Amino acid sequence: MNGSKLLRVLGALVVLVLLGIGGFIAYAWEREIPAAEPPAVSSIDPELVQRGATLAAVGNCNVCHTKEGGEVFAGGLALPTPFGTIYSTNITPDPETGIGRWSEEAFQRSMRSGVDREGRHLYPAFPFDHFTKVTDEDNRALYAYLMTRKPVKAEAQANDLPFPLNIRLAVAGWKLLFFREGVYQPDTAQSDEWNRGHYLADGLGHCGACHTPRNSLGAEKKDQLFAGGEAEGWTAYALNQNSPAPLPWDVDALTHYLANGWEEHHGVARGPMAPVTANMMSVPESDARAIATYVTSVMGEPTPERQARADKVRDQATRHPPGIQVQAAGGQTVPVAATSQDRGALIYAAACSSCHDAGRPVPYGGLPLALSTATYGPTPLNPINVILYGLPAPEGERGPIMPGFAGVLDDAQTADLLAYIRATFSDKPAWDDVQDLVRQVRSGKEHTDLQSLSSGGSAPANPTRRETSW
Amino acid sequence: MKHVSVPDVSRRSVLFGTGSLVLAFSLRPAFAQTTVQGSEAQNFQQVEQAAPDLPGSLKTNPQLDSWIRIDADGSATVFTGKSELGQGIKTAVLQIAAEELKVPFASLKLIGPDTSLSPNEGYTAGSHSVQDSGTAIRHAAAQVREILIAQAAGRFNVAADSLKAEGGAVIAPDGRRATYGELVSAELIQVQAQPTSKLTPTEAFTVMGKPQKRIDIPGKVTGAPAYVQDMRPDGMVHGRVVRPPSPGARLRGVDASSVEGMPGVLKVVQDGSFLGVLAEKEWVAIKAMRTLSPLAQWDESPTLPGMDDLPRKLMALPQEDGIVTDDRKVVSATATHEATFTKPYQMHGSIGPSCALAVLNDGVTTVWTHTQGVYPDQKAISQMLRMPIEQVRVIHAEGSGCYGHNAADDAAADAALLAQALPGRPVRLQWMREQEHAWEPYSPGMVTKVRASTDANGNVVDWTYEVWSNSHNSRPGPAGNLLPARHIANGFQPEPAKLQITPEGNGDRNSNPLYAFPSRHVVWHFLKEAPLRVSALRGLGAYMNVFTIENTMDDLAAAAKADPVEYRLRHLQDERARDVVTKAAEMFGWKAGQTAPQNHGYGFAFARYKNLAAYCAVAMEVKVEPETGRVRILRVSSAADAGEIVNPDGIANQVQGGIVQSASWTLYEGVTFNDTRITSVDWSTYPIMRFDALPPKIDVEVIPRPGTPFLGAGECSQGPGGSALANAITNAIGRRIFDLPLSREKIRQAAGQV
Amino acid sequence: MVALTVNGQSHQIEADPDTPLLYVLRDELHLHGAKYGCGLGQCGSCTVMVDGQAVFSCVTPVLLLEGREITTVEGLGTIESPGPMQQAFIEEQAAQCGYCIPGMMMRAQALLQRNPGASDEEIVAHMEPNLCRCGTHMRILAAIKRAGGLMQMAAGGSTTDTAKRAG
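Chains as they are written, first to last, in our numbering: chain A, 50 to 519; chain B, 94 to 847; chain C, 5 to 171.
Don't read these hints as lab results, they were simulated from the structure. The structure displayed is predicted, hence computed values, not measured ones. Do not rely on the hints blindly, as some may be mistaken.
[What the hints assert, rightly or not] Sample of chain C residues facing chain B (criterion: CB under 8 Å; computed from the structure): (1) Lys39; (2) Thr82; (3) Met131.
Ideal Cβ placement from N, Cα and C applies to all residues, glycine included.
Whole structure, please, built from the sequences with the hints as guidance.
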């Protein structure tokens, strides 16, 4: 966290103090809800549990509340934020270290208001600004689901936050400034499907947590919905009219992407999006379609210029040999290496082309890069991550595998390759400071961290739905 | 390469002993077992049995000099017709020969399968290597040793039984000594083996039965050329083939002129739908192949069944029933349990795609291949080339593990075809990964159906079993069983498989349970048409049949409220079977009434491979994540009984490997296709086991059975391994899955997740 | 013409710059340890080390490798004098067909050179990209652990031949 941000945080707190400590404490105080005995598993309606499982998948709960190699929902994942590191909590029904002593009321309040059973304010790394929109009925299902998980004894690790952020009361100030409590209110002017999508995307799905930019206090900028953000060192692309996807998303394409983790003309979900779509695979496709309906409405109709460009790209990408006819096994059709002396072109020809131009269909073959959002994105962060660390094999399931090139491509070679890709496959201006970003990605994280994030390996899976005919 | 550097001697120049000796030593009866008529190793290539009374492969190759050669300098060479496939057969037969010949292990030389040098032992298949070749070599070595002792007895003028053989020499009680080299006479003789031999008793073993480090590993871990892929003879060129996009595709036309003009490209070869390139350098050959591929115009046709409702489609294929056993009796039953299991097509998935080297010199085509049968390949390739059989020589060179009939023979045929286009230049032909995945012959999709009736105690009184399967064998011999022979102009058709019920079994292998059920009926619905090309994968039908039986035994035990191990023992009368079951349970710490921790499960399974080879029992603990369907194997205990033990470490290695491989089949694997093309064409689309689902070790105990026949162990653990895993998963999630593979999604759903 | 340094030796090689390292090693330098398995970076049988990192030689064009230090399994020792990694694989008899083994050894070598005391979990995670079909996994893990021990011993006992080779 840089100094100016810290000053601004402190400044905001000083303002709060001046507002009147007494009144604030009255506002901020939340009562403790008495500890309850965990409900008997047999007393819980299995159908409610099933519904809760689906909702938990939409909420992506398992991803933050499970650490690599740890038990599901037992918490402990380090969530680095600009303000310090927060560790996710144990939400298994263990009475000592989990939420076993939480009554349903306590659970409902945590979702609605961002307060734990003891009455402590939760940090907004837990996206209660979205979860507040979830209905009581859905929270009841989530509660039923979580209380029927395997209890795991795992003490939550203390957060690593500087003063005064380590005072939970500070969160109350944050809430005062940025948090509007209240369940989702449907827009009667819109269809049921749109409303369902809006409810899921803005509520449990908390799409904006990554795809909407944040202010200096870490709150989403409400006036810039889906304008693009950053997550775990990856770019969360804009989902509004500025979406960089070379082929504009439509409802069908986005539904397929959300429900399967890939789409033939847009590619494969990677980075922090991979577990999201892996979770979505276990959600009824109607919900994916609802979300797609809402999100594409935020994107709006593409301008005629954008559509014309898209048509051109699609035409080129699909006519690019051997794309006329999809080649099968044994074909291994790849254009012969470019003769250009450009180093990026040679690297592309030798290292990338054998998959990305082989004509084997997505998701198992490489996406023609002219169709890749990463090629057109505002930053090269995502392609840098993928080039350096690859796409590790999902465990025991079909899925794309791409080797990482961190061991062979140095920073300059990686930048050369990206420059070639950007210039050849997009109509966008060159990226700035690519070599610095490569260095930053390379030094910023251990490979294993990225691997766990990008593989989506810990998320539920529905591989049968991956085997859609192609 | 070892095979290249071996001097081109004929085994007919072998030297030893004189005259027809009266074997005056005491004999112990040769074991009557090993390769029986119709066994997997031989039933697709009728190797004539010249001497049916002899043990092992001596039946087909009764001359001692087919197996053992002693040179005038005393050095000994062993010949085997069995291929090293990673199972350690080279090391095992040398242990056997060293033991019986009484020569130091390290002094022996070995000649592997070669149609000009080695005995014809059919195929290296069905866990027969030690049973067939090992038995023959053991007896041949023992008889050669006794011939040399008799020779020495004459020379020393003492009684033969006062002499002993040691360190490659015969030693008299007074210290006189004659080396084997001194005893062997210069003139060639041929002696037919006797039916009985003076075998070394187990308690006197110094080499056999002891862990022996494999002779091939040091070279393999230091980069020595070890595989056919590594051969680089002078003048070698690189070949690649362009395969059709789908099994039913035919080449309509190709304009190859641009490829022929590429620098470094020597030739484009086209013969019907067979299309290949030859180039000086490997990368050029690959680029030429890739350039040529889109230039080829194919007519495709939808010859595949597609994935939807596959089991029903299989069961609807034209079929012929083979009765495996019919021993029906009138029984009184109180309950009946029925279940149907299904298995997809699965692949061998060798890590190294198939490769072969061929050269045409002076009218003779010599092929180096990692085939399992050099003689059958010689026949098939000569037929494909329309050449007399003497003009084809096939020599085995190791490849990547094959686990059955993979693309080895097809690659050999490809190389032989390409070599015709460039006489005098050795052609190295390498399949690409996608070609191996798409074109190797798969293990057939199968359906099994069991109906078990039980009495008031829950014990089985009647067992009715049906298995729907293609033949698991379409090996060459006939040229039409070689892939390129089907593609060439005026090509060959694959030979239709025939139903044959044999003791060893095929699709019906292990379909008849070893359990003592009073009444039983087992039928193989032999599927006559094969929509996908299929052949032998390790264990043939045994994996699926054992899977069905052992899953069902657990369900029956549960219905009887019995412990699964106790329930199996109730139905087992074979003492050796009971011993492996008891041993594995004891190693695991199995206790009746045990309960696994939440989301953990214990599983047990047993089988005797083919009902006549090695016994194996496996106990396993797994952990299942219900949310993700992921399975972790936590610990495994396994007991095996392979009869007389040659290399205990080799058996342990095979048993461990079989458990891991069958775990991969069971959890992950299935070939996918639409109605025209194969769509599982690499490791992305055909995932297999990786490190993180596995335990740090798998315990194996091999129960010693001194003085008993060898029992093939190379495939004994796949059935019990996969079944123990399924039973453990069922134990963890409380529900059984009947459709292989037990994928994450199926497990998740069965565990009650949405 | 490409200049490559392999196992400490410099070579001038006549090859197109886009040629994957694998084919140069096997066909031009007759170093057969690295194996062709998929050509797609999916199986790891072609794994070698470049500047101490495990890389897939089948998708690494030689044009990237000027001035880099390439190490293959031949660089870890010889049949007469095997290095610690090779010694460990022999002692554990960690091979069935053996085809994937050199790639396994090179990936493991890259880890152990950085951290000879790597934990079981680290080894498993690190080895994830490499496939074995014979089911030799447990022996491979045991051999890697043994190799780590041998390397630590060698490092403890000053600079021996094997440590130098491993380095």
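(message) Going through the numbered hints above, which ones does this structure break? Give me the numbers in ascending order.
(response) Every hint satisfied by this model.
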